[in-house]
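Visitor: If you want the building blocks of each chain, they are given just below.
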Amino acid sequence: MPRKTLPIEEKLESLAILDAKGNVDKALEPSMPKELLLKLYRYMVLGRCFDERLLALQRQGRIGTFPPISGQEAAHLGAVAALREDDWMVPAFRETAAEIWRGRSLESVILGNNGFNEAASIDPPGPTLPVSVPVGSQMLHAVGLGWAARYRKTDQVALTFFGDGATSEGDFHEAMNLAGVFQAPVIFVCQNNHWAISIPRSRQTRSATIAQKALAYGMPGVQVDGNDVLAVYSAVSEAVARARAGRGPTLVECVTYRMLMHTTADDPRRYRSDDELESWKAKDPIARFEVYLKHKKLLTRKKIEALNQEVLAQIQTAVEQAENQMKTLGNPLDMFAHAYAQMPPHLRVQREELAAEIGRAAKEDGDG
Amino acid sequence: MPRKTLPIEEKLESLAILDAKGNVDKALEPSMPKELLLKLYRYMVLGRCFDERLLALQRQGRIGTFPPISGQEAAHLGAVAALREDDWMVPAFRETAAEIWRGRSLESVILGNNGFNEAASIDPPGPTLPVSVPVGSQMLHAVGLGWAARYRKTDQVALTFFGDGATSEGDFHEAMNLAGVFQAPVIFVCQNNHWAISIPRSRQTRSATIAQKALAYGMPGVQVDGNDVLAVYSAVSEAVARARAGRGPTLVECVTYRMLMHTTADDPRRYRSDDELESWKAKDPIARFEVYLKHKKLLTRKKIEALNQEVLAQIQTAVEQAENQMKTLGNPLDMFAHAYAQMPPHLRVQREELAAEIGRAAKEDGDG
Amino acid sequence: MAKMTMVQALNLALRQEMTRDDGVVVLGEDVGVDGGVFRVTDGLIEHFGEERVLDTPLGESGIAGMAIGMALYGLRPVCEMQFAGFSYQAFHQMENHAARLRWRSQGRLSVPMVLRAPYGGGVRALEHHSESRETYFAHTPGLKMVLPSGPRNARALLVSAIRDPDPVVFFEPKAVYRAYREEVPEEEETLPIGQPVIAREGRDLTIVTYGAMVRPVLAAAEELQAKDGVAAEVIDLLTIAPLDDALFAASARKTGHVMVVHEAPRSFGPGAEIVSRLVEKAFYFLEVPIARVTGYDVVMPLFSREQHYLPHPGRVAAAARRLLEEG
Amino acid sequence: MAKMTMVQALNLALRQEMTRDDGVVVLGEDVGVDGGVFRVTDGLIEHFGEERVLDTPLGESGIAGMAIGMALYGLRPVCEMQFAGFSYQAFHQMENHAARLRWRSQGRLSVPMVLRAPYGGGVRALEHHSESRETYFAHTPGLKMVLPSGPRNARALLVSAIRDPDPVVFFEPKAVYRAYREEVPEEEETLPIGQPVIAREGRDLTIVTYGAMVRPVLAAAEELQAKDGVAAEVIDLLTIAPLDDALFAASARKTGHVMVVHEAPRSFGPGAEIVSRLVEKAFYFLEVPIARVTGYDVVMPLFSREQHYLPHPGRVAAAARRLLEEG
Ligand SMILES: Cc1ncc(C[n+]2csc(CCOP(=O)(O)OP(=O)(O)O)c2C)c(N)n1
Ligand SMILES: Cc1ncc(C[n+]2csc(CCOP(=O)(O)OP(=O)(O)O)c2C)c(N)n1
Ligand SMILES: [Mg+2]
Ligand SMILES: [Mg+2]
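Residue numbers (the numbering used here), protein chains in the order written: chain A, 1 to 368; chain B, 1 to 368; chain C, 1 to 327; chain D, 1 to 327.
The reader is advised that the hints may include incorrect statements.
[As the list claims (entries may be wrong)] List time: in silico BS3-like cross-link candidates among lysine-lysine, alpha-carbon distance up to 27 angstroms:
{"hint": "1", "chain 1": "D", "residue 1": "Lys254", "chain 2": "C", "residue 2": "Lys281"}
{"hint": "2", "chain 1": "B", "residue 1": "Lys363", "chain 2": "A", "residue 2": "Lys281"}
{"hint": "3", "chain 1": "B", "residue 1": "Lys21", "chain 2": "B", "residue 2": "Lys363"}
{"hint": "4", "chain 1": "B", "residue 1": "Lys363", "chain 2": "A", "residue 2": "Lys4"}
{"hint": "5", "chain 1": "C", "residue 1": "Lys254", "chain 2": "D", "residue 2": "Lys227"}
{"hint": "6", "chain 1": "A", "residue 1": "Lys4", "chain 2": "B", "residue 2": "Lys21"}
{"hint": "7", "chain 1": "C", "residue 1": "Lys281", "chain 2": "A", "residue 2": "Lys363"}
{"hint": "8", "chain 1": "B", "residue 1": "Lys34", "chain 2": "B", "residue 2": "Lys363"}
{"hint": "9", "chain 1": "B", "residue 1": "Lys303", "chain 2": "B", "residue 2": "Lys283"}
{"hint": "10", "chain 1": "B", "residue 1": "Lys363", "chain 2": "D", "residue 2": "Lys254"}
{"hint": "11", "chain 1": "A", "residue 1": "Lys21", "chain 2": "B", "residue 2": "Lys11"}
{"hint": "12", "chain 1": "A", "residue 1": "Lys4", "chain 2": "B", "residue 2": "Lys297"}
{"hint": "13", "chain 1": "B", "residue 1": "Lys327", "chain 2": "B", "residue 2": "Lys21"}
{"hint": "14", "chain 1": "B", "residue 1": "Lys26", "chain 2": "A", "residue 2": "Lys4"}
In case anyone wonders, no lab produced these hints; they're calculated from the structure. Nothing here was measured: the structure is a model prediction, and the numbers come from that model.
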């Protein structure tokens with residue numbers, strides 16, 4: 001004082017390594033094992049192909065509404081690739097490829113998208129939460145998980161995903177503030193795909209970037225090219241290292257694009273232009289990564305074709321298995337399971353009511 | 001990109017004009033009419049003396065719990081002094097002097113602190129909302145009021161008060177974000193009095209200043225010496241002018257101190273030191289303003305004494321009047337009034353129930 | 001008169017009220033350019049412009065809280081919660097302020113806002129998109145809770161809600177949104193808030209219901225008439241708070257046999273209040289215990305099971321038969 | 001055994017559980033250095049340290065949401081809402097997640113958290129500090145809603161709530177906090193959640209109540225005994241969700257005359273569910289309509305009027321006499 005410009009202590013950066021054409025910035029290129037690079041590529045392709053297949057199934061009425069991920073593969077796969085298996089992942093609902101990376105089966109995804117509660121329990125358990133539909137509400141759970149991990153003297157971290165729209169919810173603010181105050185080992189990964197259903201990023205908030213929102217919480221923020229898997233991996237790896245070392249949370253904004261509809265119930269032509277879509281197709285995360293891996297001699301046309309075949313076969317098998325499973329799953333009486341650790345008396349009574357109703361119906365079908 | 005520091009467009013400043021000793025920075029000194037300066041001084045003294053009297057009344061059991069304002073007179077009076085009569089003021093609960101400036105009577109304050117709903121309707125109506133107890137919840141109303149004023153093509157603005165603790169509530173975030181997106185004519189005035197009950201500012205949020213939270217919303221922010229009425233008045237006047245001109249909202253952080261307890265139910269000795277308190281007494285907003293006005297030859301010892309007498313007499317009259325009024329107010333049946341524009345049938349029935357009970361009780365008293 | 005779906009009828013109500021009163025503004029997530037995820041606000045932004053149809057950022061508390069401020073200024077905001085399952089994010093604004101400001105100001109201020117939200121199951125939606133928790137709002141003094149059951153009454157009630165001087169929570173049965181069409185007059189039509197109607201007359205049995213459950217209940221009533229010769233009287237509450245019990249209490253006195261049907265969870269649900277009112281107003285006329293046919297006290301299952309959760313005509317008819325067999 | 005206030009008894013429960021299980025952590029506004037605005041957490045931070053007693057920033061949703069995360073990890077967080085009137089800011093976290101994660105994960109995850117909050121009137125507090133809205137939580141499948149009535153059961157129930165594998169909302173009657181002392185054993189004591197008790201035996205009349213209303217109801221029962229020779233049986237629910245109706249239904253079958261007392265607003269309130277359960281379980285034994293003596297359906301008035309809002313012994317006794325006169 002008297003009249004001065006206030007200084008800002010926190011670090012606020014942007015990062016890009018692999019450009020849309022596949023040119024890499026050697027100075028920033030992360031050293032990643034061959035296997036990891038190829039695994040990332042495989043899961044990106046799997047995510048994209050699975051999306052296409054789910055879309056077809058939905059159009060055929062074989063599954064219900066779901067949120068496609070096409071275009072965002074690098075953003076969420078690059079992020080989870082930086083995690084250790086025992087770290088926590090707290091998803092929103094548009095990180096399907098990351099869930100699969102963390103061990104969720106394609107069958108589970110199909111069952112879930114078809115309204116089967118069983119989807120939650122067919123895979124081996126792990127430190128990944130189920131998808132969270134209420135926008136912005138899950139980040140707080142990552143703060144609690146991260147805090148608890150540190151309280152238990154482990155060096156686990158918690159990574160949570162959310163969209164650009166989610167940053168407008170009060171819960172985003174409370175989660176960021178609590179993580180800052182308690183220096184919880186949390187990585188906040190925003191998939192800024194430019195749209196919250198029909199609301200463009202520019203009308204979601206007046207701030208020029210999502211990353212700068214970190215400053216409100218005394219937290220470092222970084223804006224990365226979210227279609228550049230190397231940049232996402234590098235930025236999140238740094239944030240993970242910082243959190244693991246007890247140096248607190250980070251906000252990572254991945255600038256990407258939702259190439260398809262919000263969900264299959266949505267029609268994007270009502271609110272966005274083909275030109276915008278085209279301009280983003282030119283920035284496709286998979287195409288540029290393919291170029292990079294070819295340059296590194298890790299991929300050839302043949303290898304790519306073979307990998308595509310494997311992925312499609314994997315998806316085909318999953319669809320068949322899931323559709324078989326569904327024939328036997330879905331016992332209505334299971335809706336009373338897992339309401340509480342032990343079923344209270346009134347639920348036992350209600351369960352009996354439903355059992356009797358189903359019995360009567362079966363009998364009538366038998367009679368008539 | 002590739003790896004760059006992100007620029008911040010928004011203006012973030014600090015401002016101080018009148019220091020703790022009463023020395024003024026001539027370059028920044030606002031030109032304010034003599035009458036306004038003296039009116040501000042009078043209300044600051046009134047606010048302080050009224051606080052002391054209310055405290056005494058509370059200790060004597062003559063009123064209930066209330067939140068003292070001592071130490072924060074400059075912060076909230078300097079702010080409302082920058083408003084026009086037809087502008088909206090949306091208070092929290094620790095801006096009593098500002099409420100009085102806006103036309104609330106001392107009687108109403110006393111009635112309110114004594115649990116009489118009538119407090120809300122004994123003064124002439126105006127564009128000031130009643131106090132809002134749920135922390136952080138009122139700022140959104142200012143956004144709606146400001147937006148509506150502009151929709152109705154007036155140039156009214158809405159000013160809302162809140163504390164440092166309130167900035168941690170989700171509603172602060174949603175209000176700031178909406179004001180930014182819709183460029184609503186709103187002035188967000190934070191009375192950072194360093195404490196949220198027992199939680200110090202440093203543990204309320206990790207950010208170095210409250211002002212910098214404006215950056216998260218693409219909004220200008222300014223941190224002012226909240227015990228410097230000239231600085232508060234200047235900063236808020238600028239923000240008001242900007243809002244009136246259609247150039248959007250501003251966050252003004254007034255750095256001040258809560259000299260007394262949170263409410264009369266609170267014991268600050270449990271969580272803060274006398275040294276801290278003493279250091280702030282040296283920064284008293286009234287003392288330094290007195291020095292300033294004396295230098296300007298607007299005040300003399302005699303004038304000050306006279307003014308003090310007037311203020312004390314005004315308070316005494318108000319207390320007597322309020323205590324007389326209370327004898328006649330408080331009809332229990334009024335609790336059913338104003339629930340809805342028209343009383344629904346079930347409330348008429350419930351009102352009858354209570355009326356009958358009161359009748360029986362009166363009768364029994366009569367009999368026995 | 002044109003035949004309309006409920007979505008079209010609600011859209012008509014909004015268009016006409018916005019035309020009639022320039023104080024009526026619409027705000028919410030995707031209500032503008034997109035026309036609302038269910039298209040209830042379709043075309044409004046084209047017709048009335050961005051200054052009256054606000055595409056807001058996310059944040060239900062923000063939407064409700066900003067609407068409260070608009071209403072305090074004298075406007076009549078109609079805000080949308082994209083799904084009732086996300087209205088809890090705004091619940092504190094409704095309880096702390098919308099419901100209280102008239103009372104807090106001793107009648108000086110009022111909050112003439114409408115909080116619209118699609119509620120209920122039956123459309124194969126995702127988690128949180130199918131709940132029916134009108135009780136939270138109905139139990140909150142200062143709020144009104146309206147639940148239309150068909151296109152025509154939805155239109156008339158929304159008009160009344162917009163003109164109502166107090167905050168109205170307006171739950172729209174999304175299962176009915178496009179389920180069928182009904183004649184809806186072009187000319188203005190309102191329905192008094194707080195007034196139930198007889199959806200079907202009968203002397204043997206009273207079924208009290210509202211919202212999306214009215215259709216399955218009427219279907220059950222037809223089945224009972226056809227198969228059992230039982231004449232069920234069906235009361236459509238339309239408003240549950242303030243709850244007017246005169247009509248269903250009178251019906252209960254007439255039939256002596258009463259059933260309440262809703263899709264909300266049973267315990268502490270709306271049916272409990274209806275039962276209590278009947279005990280208070282018609283106890284000596286009740287020949288058998290009042291039956292509650294409701295959703296179960298569990299989280300609404302994902303959609304593969306939802307049809308077993310929701311009351312359906314078969315369940316209602318079976319319960320009615322048990323009731324009548326009892327005496 | 002030492003004589004303790006409810007505040008001291010709750011503090012004892014927290015101390016002993018924190019000593020017994022290092023997974024128990026406490027968080028909330030002012031629960032640490034200040035010891036809680038009602039001193040329920042007094043001394044805990046000195047004894048267990050900052051790493052187990054978290055003084056949080058403001059933000060009820062943040063507190064509940066962070067507690068959910070801690071519970072998912074396997075800790076047993078006990079979080080405090082400074083007043084029940086501010087728990088709505090956290091309501092969506094409780095409904096969207098605390099109540100659902102066990103179910104959503106098909107039993108793999110659980111949320112063993114306790115959400116403590118002082119509730120109810122009678123202490124001359126400010127607006128929003130005196131409400132009784134337990135219904136919001138009781139109507140939410142997946143949550144448990146516990147309301148102790150005295151120092152000893154408060155201590156035992158809080159211990160049980162902390163050890164419970166599911167989320168428990170724990171409303172503490174602030175009017176009872178320091179109202180009287182009771183013998184509370186130093187050694188561990190628990191009470192099963194979901195089990196009402198008979199607070200007073202009687203054969204003429206059943207009064208079902210809970211929480212802060214138990215005392216005025218017992219006072220009314222004494223007055224009825226003394227002045228009218230009427231023996232009222234008083235049931236203290238202790239837990240309202242899950243609601244165990246066996247005890248009060250049995251009592252109703254015995255007395256045939258039933259009254260429900262709570263300070264929450266009447267319409268859609270807890271009493272409605274109790275009435276409904278009685279209609280379902282004891283209809284043919286009821287000689288007269290069940291009476292509801294409750295708070296009124298208005299915003300709780302500021303404290304100059306609150307004693308006229310809250311049910312008091314006189315009101316309860318008068319209602320009981322009317323009930324008995326009726327037959
Ligand atoms: C609390 C809440 N409000 C509204 C919705 C409806 N809704 C689902 S996704 C969505 C947009 C989310 O946008 P963003 O956070 O950017 O995530 P994206 O869909 O782009 O991945 C909305 C409004 C919801 N699920 N939860
Ligand atoms: C939503 C909500 N949570 C908690 C409280 C209890 N409470 C009242 S004031 C207060 C602290 C507020 O601190 P701050 O915002 O800095 O305002 P100050 O009291 O310092 O003026 C708290 C926690 C409340 N009134 N509302
Ligand atoms: Mg998005
Ligand atoms: Mg403060």
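Visitor: All hints, please: hold or fail.
Guide: Hint check:
For the proposed pair Lys254/D and Lys281/C, the alpha carbon gap of about 24 angstroms is at most 27 angstroms, so the pair holds. A distance of roughly 84 angstroms separates the Cα atoms of Lys363/B and Lys281/A; the hinted pair therefore is violated under the 27 angstroms criterion. Simply put, Lys21/B and Lys363/B have alpha-carbon atoms about 66 angstroms apart, too far for the 27 angstroms limit, and the pair is violated. Note on Lys363/B and Lys4/A: the hinted pairing is violated, with a Cα-Cα distance of about 72 angstroms set against a maximum of 27 angstroms.
Restraint check: the Cα-Cα separation between Lys254/C and Lys227/D comes to about 40 angstroms, which exceeds 27 angstroms; the hinted pair is violated. Distance restraint check for Lys4/A and Lys21/B: the Cα-Cα separation of roughly 20 angstroms lies within the 27 angstroms cut-off, and the hinted pair is therefore satisfied. Annotation: proposed proximity of Lys281/C to Lys363/A is violated, straight-line Cα distance about 40 angstroms (limit 27 angstroms). Between Lys34/B and Lys363/B the alpha-carbon distance is near 62 angstroms, which puts this suggested pair outside the 27 angstroms criterion.
The suggested pairing of Lys303/B with Lys283/B holds, with an alpha-carbon distance near 23 angstroms, which does not exceed 27 angstroms. With a CA separation close to 35 angstroms, the supplied pair Lys363/B and Lys254/D exceeds the 27 angstroms bound. Among the hinted pairs, Lys21/A with Lys11/B is inconsistent with the structure: their alpha-carbon atoms are about 37 angstroms apart, more than 27 angstroms. For a cut-off of 27 angstroms, the pair hint linking Lys4/A to Lys297/B is broken: about 30 angstroms separates their Cα positions.
The straight-line distance between the Cα atoms of Lys327/B and Lys21/B is roughly 47 angstroms, outside the 27 angstroms bound, and the hint therefore fails. Between Lys26/B and Lys4/A the CA atoms are separated by roughly 16 angstroms; this keeps the pair inside 27 angstroms, and the hint holds.
This entry does not satisfy hints 2, 3, 4, 5, 7, 8, 10, 11, 12, 13, going by the numbered hints stated previously.
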